[in-house]
Each structure stands twice: as C-alpha cells, then as structure tokens.
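J.: Following the hints, put chain B in place on chain A, whose structure we already have.
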Amino acid sequence: MTLICLYWVPDEFLSWFLRLARGIGIMLLLLTAIGASAQDPNGTVKDGYAIHQSIDLGGRIVDYSGSGEMYDTLVNLQSGPRVLSQTLDMHAVGKTKYPFFDTLMTNSSGYGGDPNNFTMLRMSKGKLYDFQGMFRRDRQYFDYNLFDNPLIPDGVTSNGYTFPQVTSSPHLFNTVRRMTDTNLTLFPVSKVSVRVGYSQNIMQGPTGSSIHMGTEALLLQNWRNSTDNWLGAVDWKPFSKTMITYEEYVTHYKGNTSWQLTGLNMQLSNGAPATIGFDNITVPSCTGAAIVSSSTNPPTANATCNGYLQYSRYEPTRTLFPTEEFRFQSSNIKNVQMNGRIRYTGANMNLPEYNEYFNGIETRTKLRAATTTGYSTAKRINVSADYGIVWQVSNRISLSDQYDFWDFRQPAFNSLSEVDQSGASMLAAPGAPEAPVVTSANTFLGQKTETNTLTAAWLASSKASISLGYRYRYRDIDRSSTAVTDALPNGTAYTLGIHENGGILGIALRPTNQWRINGSIEASYANRTYTQISPRALQHYNFRARYKPKDWATISGAFNDLERRNNVLYVNHLDHSRSVTMGASLMPSEHYGLDINYGYMDIFSRTDLCYASTPAPEGAVPVPSGTGCGTNTYLGNGYYDAPTQYGSIGITLIPIKTFRSTVGYRVSAVDGTTETLNPRQVPGSLQSQYQSPYLNVAWTFRPGWVWKADWNYYGYGEGGPVGPTLPRNFRGNIYTISMHYEF
Amino acid sequence: MKRLFMCVALIALLPGLWKTAGVNAAGKNGQQGTTPQNLSSAPAAAPSSGYVGSDTCMTCHADVAKSFATNPHSKLALMHGGKGATCESCHGPGKAHVDGGGDVTKIFRFDKASAKQIDETCLGCHAGAHPNFERSPHGEAGLSCTSCHSIHKFDTEASLLKASQPMLCYTCHTDVRPAFAQPFHHKVDEGLMTCSDCHDPHGTFGSNQLRSTADQNAVCTKCHTETAGPFVYEHPVIKTEGCTSCHSPHGSQNARLLNVSNINTLCLQCHSETNMSAFPHAVSPTGPVHSQAAQYVACTNCHTQIHGSNASPQFFK
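Keeping their order, the protein sequence lines are chains A and B. Just so you know, the first sequence maps onto residues 1 to 743 in this note's numbering. Just so you know, the second sequence maps onto residues 744 to 1060 in this note's numbering.
The reader is advised that the hints may include incorrect statements.
[As the list claims (entries may be wrong)] Among the chain B residues that face chain A by a calculated CB cut under 7 Å, a handful are:
1. Asp940
2. Gln996
3. Leu1011
4. Cys1013
5. Pro1023
6. Thr1043
[Unchecked claim] No more than 25 Å apart at the CA atoms, straight line, and that leaves these computed lysine-lysine pairs for DSS-like:
7. B:Lys838 with B:Lys818
8. A:Lys97 with B:Lys809
9. B:Lys818 with A:Lys191
10. A:Lys241 with B:Lys859
11. B:Lys809 with B:Lys855
These are computed hints drawn from the structure, not numbers from a lab. Yeah, the Cβ is synthetic: ideal placement off N, Cα and C, and Gly gets one too.
Isolated chain A (complex conformation) (with noise of 0.2 Å):
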C-alpha cells in the first residue's frame, strides 16, 4: 500500500498535505488523549451540572485556479486547520444551589483562519439574571475590478510608456469587523426588571480611495471606525398583563479612518516619486510629452502635468448619540391591546482638527501645494412617537389602528481655512504660503412624517380571514445650505410637502389544517416625491402558500410582484421586482430526503436621464427639444433588466444510522442588460453564473466519534467580455475533513 502511494500521489498536493496533517495530527492527539478519560457521548454530570459538549477539528484545503481577487472577494475560505466548531451545555441538575449559574450554553464556529467567525454564550440562574453575548467577526475582502474602474483602453502611451489598465478596484476593501454584543438582564421574571448591555462594533482595515485635484490619485483609505453603545433600561409590570420600560441608550462613534497617498508609479526628473492620476485614459495635457522617459524605472513624469507628490488627509470625528426611550404594552382591558412609545435622541458632532494637505500641481488654478485646516459641528434631534392599538371588536371583527410621528432637524456647521500656494512645476518648491481662504457653511436637513394606519380584519370563517387597511402619509421635508453647488442650483432652500395614501388588502386562508395561503396587495399614491426615482404610485403583490401534506413533506411557493412608478414628464420612471418561487422539503424515510428550490426573479428599472459622452456610445439619442438637459447632448433612459434564475437540489441519504451524506447543487444565473453610457462598459456581474456543487459525508465510527468530510465547488464565469481590465471568472474546490467528538 505505502508504494502505491508512493507512486500515485502528486507532488503539488504534498506540501498541503503535509501542513494540513501536522495540524490535524496535533489535534488528533489532543482528542485521543481527551479520549482516555472520554466521557458519554451524551454527556455527563460533573459537580452537579449535566455537562454535554461537542467539538469539530479539522481543516480545509483549497485548490482555486482563475481570478484569486474575484475567489477572495466572493468566498474567501483559504487552506488550513480550524476549529470547525465547538459547543459546551451546562445545566444543574439535583437539588443544590450553584452560586453562578443552573444554565450555561456557549457555541463557536470558524476559528482557525476562516474570513467568518461567531461565538454566543448564554448564562442565567433562575430567577436571578439572564445573560446573553456574541461575538462575530467578518473579514471582508472586496476586488471586483469593474467597481469604480476607469476602464482604461489599450494602447494610451506617451514617448514609449503605455500607461497601464487598473486591474484592481481602486476602491477595494480588506478589513475585518468586529461586533461584540452583551445583554443581561436581572431579575427577568419579576414585577421590576432591569436590563444592561454593551456593544461594540469596530471595524478597520486599509481600503481604496480616491481624490480629485485636476487628476485623480489613488488614496490608501486607513479604515479604523469603532462605536461603542450601552443599554440601561428598566421593565416594570404595575399589574396585570401590562408593562411599562423605560430605557437609555448612549452610543459613541469614532471617526479615525485616514487617508494617504498611494500609486506613486512614477518619479520626477529629480527622482522624487510621483503620479500623474491613475485613470489616464488619454494621454494627459501638459506642456509638452506627459512622460519625459519611459526608459527609467520607474518612468519621469513632466512635471508641468497634474499630478501629485505628496497627499494627506486626518478627519477624526466623535459623535455622541444619547437616547432616551419611554414605552409601554398593555392588554388588561378586554379585548384591547395596545402598544406604544416615545423616543428623544440629541446627537451631537464633533470633528475638531480636521488636517489635509496636498502637495501636487493643479494646473487650472495653479495650486502648487495647500494646507487646509478647520473643523466641523452637527447636531440630531431626533423625535418619535408610536402608538397601536387592535380592538377586538366581537369574535369575528377586529379593527386595529397604528399611529407614527418622526421627526429629525440636522443643523450643522463647517469652517475651513485654506492657505495655498502657488507653482507651475512639481521640481519648483512651491510659492509663498498666501493669506488663508476661510469657507464657511450653515446646513440644514430636516424631516417631520406623520403615518397613520387604520386596518378592519374579519374572520369570515376557521378557513378565511380578509383585511382592508387604509394608509394615509405625509412628508415635508426642508433643506438649506449656505454652501451653494451645482447640484442645489434653485436657491439654497427648500421645503417640500408630500401627501401620500394607500389602501392595503389582506386574505388569510387556510383551506385545510396542511393548506395556508397568504397573500396581499397594496396601492398607494403621493402627490410628488423626493426623487425621481420614489414612486408616485406603488402596487406590491405578494402571495405566499404552504402545504404541508404529511410531517415529513413542506411545500411552498410565493409570488411577489412591487412596481413603482414616477410618471412625472421627461423623467417616466418605472421599476419592478418580480419573483416567482417555489420550494419542496421531503424526508419520507429516515433513510433518504430532497430538498428542492427554483426561483425565477426579474429586477427591472428606466429612468429618463441627460448625460454627455464623447465619443458616443452605440445608439445614443441626442436631447429633444425642450427636455431639459442643459449642456448634457444625450437623453437616455437608463434602462436596466435583470432576469434572474435560481435553482438548489439537495439529496440526503442515509443508508445506515452510522453513515449520513447529502449531495447538491446550486447555481444563480443572470443575463441582464443595462443602457451603455461609456463605449468601454461591460455587463460584468450582469451577465454571470454562480454556482456551488457540494457533498458531505458524515461517519459515525463509534457513538459520539463522527469523521466527516465536505467537499465544497465554487464557480464563478461572466457572459460577457472581460473589458480593459484582468478576467474575473474563478473555479475554487474546497475539501474539509474534521472529526466531530461529543462527550
């Protein structure tokens, strides 16, 4: 056997082998000697708490061939040893008291180096407290390389230098977020409880930027924000089915995410490095050749184009977010119950050294280098009253009503001083610093929302129940700002008042106790909207049905059609999201099952839109007369359409009770079109294919002893072509071998 195997096995899979075996080996050994003294598979009573535990060791191993940016960013699941996943129960048993707790249960799942980690630990005693953590962590790598890309055709050069395509994001992400949350609560079954908690969410990591200033450089964006919150609340029940909570919550966010210069991919004559913008997709305008040597490494730069030596940029903000929440539950009167609760939070914002500083040429305005200092302030209050009530009126009548009252004011303030100076070359020091520019600027945003809901429901049988609401809306919404800009071109205020109202219509059946169909249509109309892209009139219809003809058979499907409208003249907004889908869930024998699901789902949307482009894509419609449009030359309609199918299969076989394994397929698939409004676009993930095959195994060898093996396949393959960047297209297998002990 061994000189078989001496033979057969490839020399690439050896070095895996080898760090995988040495990981799992070192785990073997801890489990074999945990095996000496092993307990019961179904646990044991130590101390006097039952005690049940689990653990899953083993690793993965990954073998992916195509875009590694693309695999990372969709599955990110690398080779390596893991912690599959662990659990540990204890619960009291006997009649001792135990001074902690009568029940804990903690589980974990991903450690080792897999991008998705979580651990949850519960703990409570009696009547005494409850107590509920998590923690999660998610490492996110992001590289979709058509996201923000210039597209950079081939062949732009300069004196010999071909300025390269952006074969990355510029604005890719690789961090890790962290999410602790912790919750207790004392005395959870008393007349007067009360509850504590803390979260934190931190989230950090480098990430792509960008800046403009006459040409655009890349950023490296040093991703570090955390939010720190904690919960102090009180729960008083005075009588009967009646609750009264009062809570306070203070949320903490910091702002320390900075921004540096990257992608110095050329020097200067003098050998200081340089860029002259990473999204040349002609050859820059200088005074004379953009590149003065291609023949250098790296290549010089004329120092006369925009470009950029040196960029920085520090905004550390803090903001305080307290909130004080009254609310209260009450059913004691005879068929009423109702609910409600008001809400205060006053934010306030603080960015107090805001720092920038570039260092470059702008050559419109001569910019040789500027410092800009200042700081920023804004405040949100914050204001929210809700109120339900459900009356039931007789045995088959209700009518229920619910009442909602937000209402945010944003005030805030930015000063910035900037002191430039002037250069018409990057190899001169720049000119004297010049009297500082001070900017200013008062904003405001604000928004009050009324919504009130009125809904009769009858029970016109055990079988049937239909319900008619009718929703009436109103928005007004004010803006102003001292900061005028091309997109606020009517004055620097406004206030707009939107009237909206709808009618909602609910039917429950269930024709027998397997059968429940559900379904409802809502439509609704406002007077105008915020956007061209909010509807003015909105239909949704959902329907849903369940048949459940034996235990061990669930089937299900759903219709779910929103279409949404703004007919508005030169805009003729339409969009939908249609979906039709089904499911079945079959376990007949303890020996096989199916599961099975087909989804057909169409994303649809138009807008009218003017856009200049030169040169012109295929087919652009110039702007008709009267449209609008102002300098833009082409009116499109931003037609976007995304047919979608989804379909998973699942077959479970079970032959013997010591022997489990499923084997399935999955695949989502796109063939979507979109308008073209630059000549280089391409459908990208529009017109793709996502699918993941897989089987596990799972062997049980000896009670409480399962060796299980996964083998997991993600293929990912555009349509369409690549465009002026690297394929995309990615094939990964993924094997994971663990031993799962119970004891």
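T.: Here is chain B on its own, set in the frame of chain A:
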C-alpha cells in the same frame, strides 16, 4: 522522503484511530446519572381549583417532562413566590384531563387551537417583549407563535425555534432565498448574520418589520456605522428615503449590493435636469469632466464620501 513520510503517516493514522476508539470511556462507577432538574425542588404549588401540578403531568408525559428541565419555560415554576405552575401555565388546568383518563378534549392543545388562541396564551406572558405581533404582517397573515416556535420539539434551545435561521424563514419566504444566493449578498447563509438581525419577525412599528437602531437610524447603521452621520453635508436621500434607494440589502448581482450595475446610471437617475421644477436636485453634471466616455466611468471616483461629508458639499472628501 516527504512523500514516504506522508504515506506512512496516512497508513499509521488508521490503526491509531481504531486504538483511540477503543479507549475505555470512564466507567459509570462513581459517576452520577443524568437526571433532570427536579421540578418539584420549588415548593409544590397548592393545588387550586382545576390544577393538578406538573408532577401529575409527569406520570404520563415523562418524555416531555424529562427534557423540560433545560427549557427556559421551567422558570415558570419560580414565579408567583415560587408557586408557579409549568405545564398548566400554558395548557390550562389539567384536572378534567386527568379525571377523564387523559381525555384530549379536556386540555388545551396547541396543535388544535386557532392562531388567536395560541397567541393569547403565549402573549399572556410575552406581550411585553412582542407588543406589535397582532398588527404585524405575520400576525395579520394568521401565523401563530407555534408557526415558528416549539416549546417541546425545538431545534435551537436559545429561542425554541423549530428550525434555525435562515432555513426556518425560507420555508415561507422562498422569494428571499434566491437573493442570498447571488454573488454579492449579506452573509446570512454563511451564518454570520441572521434574518432577525435586521427584521423583528414579531413586528415593529416600522415597515417590513425592520428594526431601527437605538438612535432612531436605519438598522443598516448598526453595522455600517460610518454612514450614520450626522454629517454637515448630507446626501439627503439617504436620510429621507433610506438606504434602499441605492442598495438591495438581501443580495444583488451588482457589487456593493447596488440596485443597478453602472454607478453612473444610478446617480444620473436623480441628478438629471429632466424636470427641474419638480425635483430640487434635478441638475445634470456638466462640462468635460463629466463626459461618460472619459475616465469618469464612476461618479464615486471623485465623489467618494457619497454617504455624507463633513468637509465638502460635493462629497469629494
């Protein structure tokens, strides 16, 4: 040499596993048997009219009672000065059922009750935590608490769910499952998030049973805190219309869960001068810097702080 080592290791491990399997588990000598928490550890409830006490229920329903010790509802015994009932708190007085020799018509059965009856029973204690349920889409659709929860046959002990998320939710919401299978999606199927992170299936005052953050912001900002603001220069539509103006939160074919594949189409849908009198921001970006065929394929190459900025009204920084 490495190859030889690997092959030997492979073969050597096999009997090693068998040997491990042969290790004698600790014998039962001196080991306490596993017994459920004695429900009568609390003082026995003085039998009031119609109630028989959970010890009586145990005599016939031993299998259910045995596992009940680990159920959060066993706390019912601790209520009312330690005289609370357990089984009969939900199933009602059991005397008639016992006297009738186990007559199933003389006891409240959840599998035979209407949704309203079930809700009344559960919400008798849990209404404080779930006050919006009757008005919620789930409540109005005729679902009951036992549509998702099972007190005696649960999959997850934490919330007594019949099946864990998201598979439980997919049973009815078959239209949502395909969205999470698209290339770009929130990691619900991967187990990092659950449906109930964003939605409260028991209903909220908001639409689509969405939660909000404590500071009354969109639930998205619980994780995506950098978009919460308040900013000096807001992208107003985010605060007035919501994140779904631009994003499809379940899943999308488009990167960053955008509603359309081309960023510029998304922006130009609103920022076009097609009807200036109707929309305050109906202004088209003009000039050669906004030529779609130029390097400005994506508006966000320059307008990078698109969720809001404290320094630039054009969201440049």
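J.: So, for every hint listed, does it hold in this structure?
T.: Each hint, compared with the structure:
The interface hint given for Asp940 of chain B is violated, since its Cβ lies 10 Å from the closest Cβ of chain A, which is over the 7 Å cut-off. The restraint placing Gln996 of chain B at the interface with chain A holds, with a minimum CB-CB distance near 5 Å, inside the 7 Å limit. Here the hint on Leu1011 of chain B is kept, as its CB sits about 4 Å from the closest CB of chain A, short of 7 Å. For the restraint placing Cys1013 of chain B at the interface with chain A, the shortest Cβ-Cβ distance is roughly 5 Å, inside the 7 Å limit, so the hint holds.
A cut of 7 Å between beta carbons decides the hint on Pro1023 of chain B: the least distance to chain A is about 5 Å, and the hint holds. With 7 Å as the threshold, the beta carbon of Thr1043 of chain B comes within range of chain A, its nearest partner Cβ sitting at about 6 Å, so the hint holds. Only pairs whose Cα atoms come within 25 Å are accepted, and Lys838 of chain B paired with Lys818 of chain B is accepted, the gap being roughly 22 Å. Between Lys97 of chain A and Lys809 of chain B the alpha-carbon distance is near 20 Å, which keeps this suggested pair within the 25 Å criterion.
Restraint check: the Cα-Cα separation between Lys818 of chain B and Lys191 of chain A comes to about 14 Å, which is no more than 25 Å; the hinted pair holds. Only pairs whose Cα atoms come within 25 Å are accepted, and Lys241 of chain A paired with Lys859 of chain B is accepted, the gap being roughly 16 Å. A C-alpha spacing of about 24 Å is found between Lys809 of chain B and Lys855 of chain B, which places the hinted pair at or below 25 Å, so the restraint holds.
When held up to the earlier numbered hints, the structure conflicts with hint 1 and nothing else.
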